[in-house]
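Produce the entire structure from the sequences given, and follow the hints as far as they go.
These protein sequences, in sequence, are chains V and U. In terms of the numbering used here, the first sequence opens at residue 803 and continues consecutively. In terms of the numbering used here, the second sequence opens at residue 10 and continues consecutively.
Hints listed in this document are in silico derivations from the structure and should not be mistaken for laboratory results. Possibly wrong hints are sitting among the right ones.
[As the list claims (entries may be wrong)] Have a look at the derived ranges for each label pair, beta carbon to beta carbon:
1) U:ARG90 <-> V:MET936: 58 to 66 Å
2) V:PHE1094 <-> U:GLY177: 23 to 31 Å
3) V:VAL1080 <-> U:GLY228: 37 to 45 Å
4) U:GLY163 <-> V:HIS1007: 29 to 37 Å
5) V:LEU918 <-> U:ALA146: 47 to 55 Å
6) U:HIS167 <-> V:PRO1060: 56 to 64 Å
7) U:GLU496 <-> V:HIS1007: 17 to 25 Å
8) V:LEU947 <-> U:GLN356: 32 to 40 Å
9) V:TYR848 <-> U:ARG326: 45 to 53 Å
10) U:GLY361 <-> V:LEU918: 34 to 42 Å
[What the hints assert, rightly or not] Selected chain V positions facing chain U (in silico; Cβ < 10 Å):
11) ALA834
12) LEU836
13) PHE927
14) ARG933
15) ASN1003
16) HIS1007
17) VAL1087
18) LEU1091
19) ILE1093
[What the hints assert, rightly or not] Derived coverage of chain U by chain V (criterion: at least 3 residues anywhere in the stretch with Cβ under 8 Å from a Cβ of chain V; other residues may be distant):
20) 271–283
21) 349–355
22) 498–505
Every residue gets a Cβ at the ideal spot worked out from N, C-alpha and C, and that includes glycine.
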Amino acid sequence: MNALALLSQLGGAVLAVALAPVLAGWVAQCRAWLQNRSAPPLLQPYRSLRKLFRKDAALATYASPLFRATPYVVFGTMAMAAAIIPSVTTDLPMARVADAIALVGLFATARVFMALAAMDIGTVFGSMGARREMMIGFLAEPALLMVLFNAFLMFGSTALPTVVEDILNTKGLMLQPSLAFAGVAFVMVLLAENARIPIDNPATHLEVTMIHEAMLLEYSARHLALMEWASWLKLFNYACIGFALFVPWGIALHANGPLALLFAVAWLAAKLVVAGAVLAVIETVSAKLRIFRAPEFLSMAFLLAVLGLLVHLLLQS
Amino acid sequence: MWPDFLDSESVPLRSNVAGCRVLADAHHWTAAADALREAGASLLSLWGSDDRDVDRCFRIRAAYLLPDRVLVIEHAMPAERAVYPSLVPGFPVADRMQRAVHDLLGIRADGGDTRPWLRHGGWPEKVFPLRRDVSSAQTYPIVSVPYPFVPVIGEGVHEVAVGPVHAGVIEPGRFHISVVGEKALRLEERLGYTHKGVAKRFESFAQRDGHRLAARVSGDSTVAFGWAYCAALESITATTLSPRAVALRALALERERIANHLGDLGAIGNDAGFGFGLTQFSSLKEQLLRHNSEVFGQRYLFDFVVPGGVACDLSVRAIPTLLDKIAMLERAVHELRSIYANHEGLQDRFLGAGRLTPDQAQTLGAIGLAARASGIARDLRVDQPWTPYDNLAPVLATRTEGDVAARVQLRFDETLESLRLCRQLLDTLPQGELCAEPPMAPAGQLGLGLIEGWRGPVMVALETGPEGRIRRCHPHDPSWQNWPLIEVALLGNIVPDFPLINKSFNLSYSGHDG
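Now the structure itself:
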């Protein structure tokens, strides 16, 4: 472990926090173009953040300290997750103590806090959102783990940096059929976990249909800003997990010098541009599923991931 | 069995459609309701008036819609005993109307729900604002009155209260949903938040100005309400319109229908998470509105219909552009229809959601678009065509499934048919003067205007006063009949589908609250 490694790990987290709003802005822009609307500026999310941070926070009378602490906890866990995902470099000293399973745990922690805070105020919509979020969560987490297991089984490690290094060092390994299954499953989990269409509609104003947004209804000002920022960060993190597992090219390896880091950032930006556009296309062409179709959707993701595992085991033997 | 008195005691009704009036005592009032229910009539409207200054009586009037005519039954009751037999046993739809009549006039039905409907604490319980001895200038402190919703008890049942203030920029209304998990067990609506006292306000208007207030009862149906008012006044004064004026009115009415249907089709798609539909349909609607503004000087055609005719002419030069736009709209609607029809996710949300069976629709007295989607093939433009619809021969669109998908399909059908009617009207636009102001009507006359608006039949009942004034004017929006349908259509559906089901009806709050 050296100073540069620590610095690049910290830098990765800072980069994620700084870039996450642009990704959200980019997806919103693509969506608008695809729907023949004139798009909001790319930097609109930053403006919303600035607006929200300037405002005075209003809290419900019966809000407990938990409600107030949750935005910080959620934002903190998402930033921490960003630090252990190899988005730019695989030289992540801390990743050795926190592997991909811990990553799933971090997401779960954020979810539990959000659900508790949503129920804390006691409004109908908050509880409804929390209930639905937990339903989505308990279906999405196993599917995500199964996707990760595909990679673990292939490379014999649960640490994402090791997986990335192994892929990059072993040329041609990417044409694994099991990864195709896992890839589709991963996109499905990403949509569900990040409150995107077809599972949730981030643009709706109808409280009774909301999942993620319903949990944020009681938040305002800096609290709301942190919650929004955390959800953009979550999308960013998911995108980076996807890149690490399926398209890791461009990520700086342990052995590479500082110059490789710069290339890695450029690669990351290019991949985010493509991923954001693809996400917008998926969201534009689909309608929202009826909420009880969500389990079918996520079971499908789980099934695909398991199929990936089976294919891998079959081909090996 | 059809009682004799309904024929022998009837007098002709002044209206733009065929109809008659029957004066009835309490016994005949009930007998008429029974006979009309058996004959398959639907209750069109129920309204009361304070005639104590004339004959020391209150009057209650019920308008029934038969397939071929309108029947208005009148019942007078002495001021000391202002009670009339309830219509709820035969016509459940009368319930809210009876409560509204009581809130405004203090005359009560002898049965049914006694909770207030329009009175939300804006005036005291013992004050009845529509009575003639209550000044409209009088103000009262606002007292919040608790409203006992019907409780639902059982294991795991809880309540989701939506509104009255909603997250979108829409009108206020309260929806009380009892749920188990995500499944809706019961929905109870509470409306009346936008009660403005339109009926009382009418009494300070002159007959020749009343159309302006009528046009503002429900802004999205401004042409229908304006026309209904004018039709009532014109039938009292026996004014005949020039063929050009009626053709232009019909053109305006059909354009109103198209604009609203386009807006709804987009909004329904959006509520199913298909934002693409909203942007496409919104842009089509906006083009239509801008074109309205160019050609008629008004986006929503407010005050286009005036007593005796229309407010402005259509220039010869505008006709080819209008026809071009119609052709463009037709192409776009066809294209979007196939996108909607082939979108699996969208159809999955639409099919079977919010189903209202033909039986339920019949029992509940549904009218208009919602009824046509549930197999009740009634459209005033087809059944009882007034000029110029008698020459246009509109084709009736109807479905039997009664779900969101059926209401969407019906809107597509009606939009295309209205576009065809517009083209026909423009192709054969007759010459003639635009407006011939009707003479002042004699006092004490009752006239009825009945127009098929985009939601369903819009009715205005006008009673003239002396010196060209309005004695009583009762505007009625079809939303009165159709709001209770949503309570039934939601049963067994899941809560997140409520906005979609609600939007597929898209009823008026303002038109209902009055």
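Hints versus structure:
1. U:ARG90 <-> V:MET936: 58 to 66 Å: holds (60 Å)
2. V:PHE1094 <-> U:GLY177: 23 to 31 Å: Taking Cβ atoms as reference, PHE1094 of chain V and GLY177 of chain U lie about 25 Å apart, which means the hint holds.
3. V:VAL1080 <-> U:GLY228: 37 to 45 Å: Holds, since VAL1080 of chain V and GLY228 of chain U (Cβ atoms, about 42 Å apart) stay within the stated range.
4. U:GLY163 <-> V:HIS1007: 29 to 37 Å: The hinted range 29 to 37 Å holds for GLY163 of chain U and HIS1007 of chain V, with Cβ atoms some 31 Å apart.
5. V:LEU918 <-> U:ALA146: 47 to 55 Å: holds (54 Å)
6. U:HIS167 <-> V:PRO1060: 56 to 64 Å: holds (58 Å)
7. U:GLU496 <-> V:HIS1007: 17 to 25 Å: holds (23 Å)
8. V:LEU947 <-> U:GLN356: 32 to 40 Å: Because 34 Å falls inside the window, the suggested range holds.
9. V:TYR848 <-> U:ARG326: 45 to 53 Å: holds (50 Å)
10. U:GLY361 <-> V:LEU918: 34 to 42 Å: holds (36 Å)
11. ALA834: holds (9 Å)
12. LEU836: holds (7 Å)
13. PHE927: Hint holds; PHE927 of chain V Cβ to chain U Cβ min 8 Å, cut 10 Å.
14. ARG933: Interface hint status for ARG933 of chain V: holds (8 Å vs cutoff 10 Å).
15. ASN1003: holds (5 Å)
16. HIS1007: With a closest approach of 4 Å, the HIS1007 of chain V hint holds.
17. VAL1087: holds (8 Å)
18. LEU1091: holds (7 Å)
19. ILE1093: Nearest chain U Cβ about 5 Å off; hint holds.
20. 271–283: holds (count 5)
21. 349–355: holds (count 3)
22. 498–505: Satisfied; 3 residues make the cut.
When held up to the earlier numbered hints, the structure conflicts with none and fits them all.
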